[in-house]
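Based on the sequences and whatever the hints tell you, model everything.
Chains as they are written, first to last, in full-length UniProt numbering: chain A, 1 to 537; chain B, 1 to 293.
Honestly, the hints are just simulated from the structure, not real lab data.
Predicted, not measured: the structure shown is a model, and the values here were computed from it.
Careful: at least some of the hints might be erroneous.
[Said to hold, decoys possible] Below 16 Å or equal to it, Euclidean Cα-Cα: the simulated EDC-like pairs (lysine to aspartate or glutamate) are: (1) B:K16 - A:E9; (2) B:K77 - A:E3; (3) B:K70 - A:D266; (4) B:K77 - B:D150; (5) B:K103 - A:E276; (6) A:K17 - B:D99; (7) B:K129 - A:E535; (8) B:K66 - A:E3; (9) B:K175 - B:D148; (10) B:K55 - A:E262; (11) B:K55 - A:D266; (12) B:K13 - A:D266; (13) B:K133 - A:E535; (14) B:K259 - B:D232; (15) B:K70 - A:E3; (16) B:K274 - B:D232.
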Amino acid sequence: MRENFAQWETLFLLNLKRDWKKIIVWILGFGLFSAAFVPAFKEIAKGNGLLGMFETLQNPAMIAMVGPTPVGTAVDYTLGAMYAHEMLLFCGLFSMVIAVLHVVGHTRKEEDLGLTELVRSFQIGRQANSFAAIMQIVFINLLLSLFISVVMISFDAETISVEGAFLFGASVGIAGIIGAAIALVMVQIMPASSSATGSTLGIIGLLYIIRAGTDVSNVDLSMLNPLGWTYLTYPFTENNWIALVFALIFSLIAVVVAFSLERGRDMGAGYLPSREGRESAANSLLSVHGLFIKLNRGTIISWLIAFIVMGAAYGSIYGDMQTFLESNEIMKQMFAQADVSIEESFTSTIMMVMIALVSILPIAIVNKLFAQENRAYLSQIFATKVTRSRLYWTSIGLAIITGAAGILIAAGSLGGTAVSAMGGRSTMEIADFLGSGFNFLPSLLFFIGLASLALGWSPKSGKVVYVYLAYSFLLNYFGGIVDLPEWFSKTAIQSWIPRLPLEDFDASIFITITLMSIALIIIGHFGYNRRDMIEGA
Amino acid sequence: MTEIVTIQGLQKKFGKFQALRDVSFTVNAGEVVGFIGPNGAGKSTAIRILLGIMKRDAGQAQIFGKDVWKDSLEIHKRISYVPGDVTLWGNLTGGEIIDLFLKLHGGGNKKKRDYLIKRFELDPKKKAKGYSKGNRQKVGLIAALSADSDLYIFDEPTSGLDPLMEAIFQEEVEKIKETGKSILLSSHILSEVERLADKVAIIRQGEIVESGSLDDLRHLTRSAITLVTEGDVAEMTNVNGVFDFEQKEDQATFSADNKHLDEILMAASKLGVKKFESVPPTLEDLFMRHYES
Numbered sequence: 001m002r003e004n005f006a007q008w009e010t011l012f013l014l015n016l017k018r019d020w021k022k023i024i025v026w027i028l029g030f031g032l033f034s035a036a037f038v039p040a041f042k043e044i045a046k047g048n049g050l051l052g053m054f055e056t057l058q059n060p061a062m063i064a065m066v067g068p069t070p071v072g073t074a075v076d077y078t079l080g081a082m083y084a085h086e087m088l089l090f091c092g093l094f095s096m097v098i099a100v101l102h103v104v105g106h107t108r109k110e111e112d113l114g115l116t117e118l119v120r121s122f123q124i125g126r127q128a129n130s131f132a133a134i135m136q137i138v139f140i141n142l143l144l145s146l147f148i149s150v151v152m153i154s155f156d157a158e159t160i161s162v163e164g165a166f167l168f169g170a171s172v173g174i175a176g177i178i179g180a181a182i183a184l185v186m187v188q189i190m191p192a193s194s195s196a197t198g199s200t201l202g203i204i205g206l207l208y209i210i211r212a213g214t215d216v217s218n219v220d221l222s223m224l225n226p227l228g229w230t231y232l233t234y235p236f237t238e239n240n241w242i243a244l245v246f247a248l249i250f251s252l253i254a255v256v257v258a259f260s261l262e263r264g265r266d267m268g269a270g271y272l273p274s275r276e277g278r279e280s281a282a283n284s285l286l287s288v289h290g291l292f293i294k295l296n297r298g299t300i301i302s303w304l305i306a307f308i309v310m311g312a313a314y315g316s317i318y319g320d321m322q323t324f325l326e327s328n329e330i331m332k333q334m335f336a337q338a339d340v341s342i343e344e345s346f347t348s349t350i351m352m353v354m355i356a357l358v359s360i361l362p363i364a365i366v367n368k369l370f371a372q373e374n375r376a377y378l379s380q381i382f383a384t385k386v387t388r389s390r391l392y393w394t395s396i397g398l399a400i401i402t403g404a405a406g407i408l409i410a411a412g413s414l415g416g417t418a419v420s421a422m423g424g425r426s427t428m429e430i431a432d433f434l435g436s437g438f439n440f441l442p443s444l445l446f447f448i449g450l451a452s453l454a455l456g457w458s459p460k461s462g463k464v465v466y467v468y469l470a471y472s473f474l475l476n477y478f479g480g481i482v483d484l485p486e487w488f489s490k491t492a493i494q495s496w497i498p499r500l501p502l503e504d505f506d507a508s509i510f511i512t513i514t515l516m517s518i519a520l521i522i523i524g525h526f527g528y529n530r531r532d533m534i535e536g537a
Numbered sequence: 001m002t003e004i005v006t007i008q009g010l011q012k013k014f015g016k017f018q019a020l021r022d023v024s025f026t027v028n029a030g031e032v033v034g035f036i037g038p039n040g041a042g043k044s045t046a047i048r049i050l051l052g053i054m055k056r057d058a059g060q061a062q063i064f065g066k067d068v069w070k071d072s073l074e075i076h077k078r079i080s081y082v083p084g085d086v087t088l089w090g091n092l093t094g095g096e097i098i099d100l101f102l103k104l105h106g107g108g109n110k111k112k113r114d115y116l117i118k119r120f121e122l123d124p125k126k127k128a129k130g131y132s133k134g135n136r137q138k139v140g141l142i143a144a145l146s147a148d149s150d151l152y153i154f155d156e157p158t159s160g161l162d163p164l165m166e167a168i169f170q171e172e173v174e175k176i177k178e179t180g181k182s183i184l185l186s187s188h189i190l191s192e193v194e195r196l197a198d199k200v201a202i203i204r205q206g207e208i209v210e211s212g213s214l215d216d217l218r219h220l221t222r223s224a225i226t227l228v229t230e231g232d233v234a235e236m237t238n239v240n241g242v243f244d245f246e247q248k249e250d251q252a253t254f255s256a257d258n259k260h261l262d263e264i265l266m267a268a269s270k271l272g273v274k275k276f277e278s279v280p281p282t283l284e285d286l287f288m289r290h291y292e293s
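The structure is reproduced here in structure tokens:
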């Protein structure tokens, strides 16, 4: 025991000291995000709001996105029930992702950097660092849970019970612990920190998509899903604490497995063997674009596969929609009045979600150029006749091409699955899906434009583009549920674009946003050509 | 003499690659042992096994008579280590990190810390992410040298340091040596090893190919001889133990096997010696011989 965990508490305190700013932002920022929308939801709940929301969220498409509610009739659908229904899955997911990034950053990343070697030469247990990291996650999530609960209780809403508030907070906290536990296992298996992060996030994405399917078809099956143990606690309605027990047991087992795996490996090594590479470079590598494609290849391929799975998962829901409509009189009338099919309505919403996710990939490709620069990987290339413009345009070009390919694959996969799921009853063709997807191309270009601007003028703020993407995604996502002021929702770029096939294509907006994006890219190029290269900052 | 470090038949595999085949050597109390070998020969692997960071596949490895894997914490109380590439937490300052390391070690000396920070001209208030390679190395060296240990393990400790700082490091190591501490020094800077080390162990492809005191090793090798004789110096080519013979007018230079020195001198004196210079082999000569063959 001592050999393995000695002085973990020293590292634990050291990590708190190193991370205190991050922890404060984490708990306050994310805690408020999870808990502080209660007044906004009160507004929605006014009048017939709860009833309307209840009916809207019975739609299988919505269940696939936000999860189910245990409430059977609209009368029982209280403010608390709605809050948990719409917020908890997302907060849980978010909590997991933050915890994953944190755990990998404190364990495998430090190993890859060589920090662990030095630390281990002292009287520190071999596994003290991993143990400190997991304890830190438990500690942070405990505080986070408490903070969320207290904030929720402080709104003093009738149906936000104290028990429910504590369960809500605990569900978000436990999500972080589950994520950390999965990450700690992958850290042992994978050969490097980046693949550990990637594979863990992939697993979480997969769990989310699987639960979308099981939530619609059979909710009981979602109870077998680790992600299910967060939002299926149903705070404010069933207060199902037992799900948290499953989550705790699962996390404990995962952590024990991770520690025994760690005992069996050498520092810096994983269980997956790293393959032997080529002795000399293939011709396809020997150019700037060849090099960049190679550097980004793993990321691009795994994202494209994720798009296929995502499109197929959402597409498979189309088969159930008519059945749902038959069973729900109010919804049937709603769609009959609006003169749109439920499929078209769903397509326009889900496409916004999918293209927002597709936009992550090109941003990552543009940001990678600076990451390479910052780690001084490019310093030898700067010293050759390769111009900065060449590096810049190769990155931007690659981002645009993979972005467009991403839209094609996501929309195509959604359309293909949807059309075959609907069978002969289909009212839509694949071309409708592709049209709806490529309608969002300007927004994707706009994100590339922002990333380029950052790359050229303020490369360290490249990550802010992700923040804006998340922001505009959430605005659009909740915009469908909450009535936001016009000016506010227009701060998101996607809000300008009409939703196909529900609305009509607007060529002038399409062209305007495209031109703006091109202008941003050109301005970025101007900056990139003249700024100092930043290495090792 | 007490053996501080004992390694016997150490082996380590990474997948199919046999990084260490057969490594054996000892470090005695008060001794400085130079651990040298080409890149990829297994120096750092051996050192990591000694630190209990990696697990050996076979063989024995002990420090202070304790097993390096099972009793690593006990051992770490009395050792200090500096890797060849010191990595630090970017958002802590150099001073903070040194203090932290001393606390983790348990036996720090505050006065010596301050003295060394001055000597190495380190700015301890700067965040570590702003340090150059050499400055990061200084942080590791200061933390290690100001800790009170019985064994110091240095793995290419001066990489990235300027020659002035390198000299200061050597002086500080000599001071430690005088107090009877043991040092295992892995380095490519052979002049450094030659100046500090009592013994060297040369590793090549995971095996110790030569070990012993520098004098012993020199004895096994050849000296560089410059010779001018009255008679025809070319006759020396046929003498046993003469290699790499080169002649420039009446002056010959060759390397002489130390075992055959007697024969060579006899042969030379028959020709009437006008000039005889012998330069003992440097560590570099030794080293090259082992690397090239």
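Task: Non-conforming hints, listed in increasing numerical order - done: Going through the list in order, the structure violates hints 1, 5 and 14 and respects the others.
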